[in-house]
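Visitor: Chain residues, written in single-letter form:
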Amino acid sequence: MLTLGLEEKNTFLEAINKKSGANVLECYQCGKCASTCPVSDFMEFRPRVIMQMIKLGMKEEVCMTDSIWFCLTCSACSGRCPREIDIPAVMEAIRHLTIEENYHPKSKKVKDIRKFHEIFLDMIKRYGRNYELRMMAEFNIRTRNLFKDMHLAPKALLKGKIPLGHESTKSAKAIRKMYEMAEKLEKSK
Amino acid sequence: MKKLTYFPGCSAHGTSEEFDHTLKLVMKTLDVEMEEIPDWNCCGATSAHVMTENLAYALPLRNLVLAEKFTGNIMGIACASCYSRMKTTKVHMDENPELAKKINSTIIQEGNYTGRVEVKSMLQYCYEDIGLETIKSKVTKSLAGLKVACYYGCLLTRPKGITKFDSPEYPVSMDQIMEALGAEAVEFDFKTECCGASFSISDTEIVESLTGKILEVAKESGAHLIVVACPLCQSNLDMRQPDIEKHQGKSFRLPVMYLTQLMALAFGYPESDMRLKKHIVPVEEALSNIGKIQEPPPKVTKTKKAVSAESEVE
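Heads up: the protein sequence lines correspond to chains B and H, in order.
Sequential numbering of the first sequence, starting at 1, is according to the numbering used here.
Sequential numbering of the second sequence, starting at 190, is according to the numbering used here.
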């Protein structure tokens, strides 16, 4: 009998369902998400395929693919999903799982995207707010991409599009405390 | 006089300072007193929710807690990304009081969250709480002659279960506000397509591809300029436009203005208040269409060129 290898308990599916609050099993593979997704063209596995892979318990493949990092959480897919599955929440659940369990997709693109998010969170931790110019500069330095967007800088600075200075927030201290507590809470799970 | 608790967001004090500035002018004319939360923090968009769950809730929640210290019952948010994070957090917290209590009590030590304050984008606030009639009544300089394409992006109306505002597919609120100002809002099919948002820095290739399509469709629609209500959309469409033109071998020359810049203009504020110098794509030529008498348009149905990747099938 064809069993799709589902005799074993699909712990991956269970984990994703629990984290996302969605039920991936409800997906009937119509593909509307994939044809709606604005970044489908950049994905190795489009949303429809990811959903099926979760059903099949293909944890390693799903956690190592670049595709989950390209999701922009624009919610176009879930808005059109006939089964009303919160697909961005599923993508988010996978990303959180990969971070918790130390999966590291190898492509430079994903490394850059993750580095950007890390710098962003770091910036909030330090200042309580985010400073665009500083973030761009730090991103370029930390991804060894020194001249990226440099041609935009003179015009943007001259026109006052991106201000040079930044304000300090009284909240910075409170935010740092929040980071510590959030980390503790994360670990206590 | 109405009271509004105001959350500007990081870019209002940075790249979208003209949004913040004109918003304040507009609210003054509309008799709304804005009280900025003095000690607000970054809501975490667009990174916190990608990387971590607790912090993704805690950062917006702190602002929601601070907002409850004001008398206003509505928190108005300038940036669409901030709005999305704040509203998502509010909806999830209100649905799950236990989770709210856990995050509130362990991570935030500056007050208790009760859920009293409503969260709205400034577009939603203008449309629902001020209303088209009031906006119309304040117009001293009609924008007649100007054709605009209203671009909403993803987050102002999506996901519909969270925003509960306008249509997630083809919203009309901004179009109606523009028409109240006298401008003509053109039919525009890419109103809610994503511009690539946060990938602006980390994956410029994706942003140029997505934003290029939006610009192309807006150009075809016959608009003189694009109107937005989100700082990320604005900077992707405006600042990256010259690069997109170069890389894709096309010419758009489409200025991208904030909703509030045009409102302020129609309410009689001088052009110098619009901070037009900050635009990368110059806006002066587009604005010169205001007041021009237009010949009645010939009623021919245009055949729109199919845009690639729309009907893409795996």
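Keep in mind the hints are simulated off the structure, nothing from the lab.
It is possible that part of the hints are untrue.
Footprint (simulated), chain H over chain B, 3 or more residues, beta carbon under 8 Å [unchecked claim]:
1) 8-18
2) 22-29
3) 38-50
4) 59-68
5) 71-83
6) 101-113
This one's a predicted model, so the numbers in the text were calculated from it and none came from an experiment.
We put the beta carbon where it would ideally sit given N, CA and C, even for glycine.
Visitor: Broken hints, numbered, in rising order?
Guide: Numbers 1, 2 and 4, in rising order.
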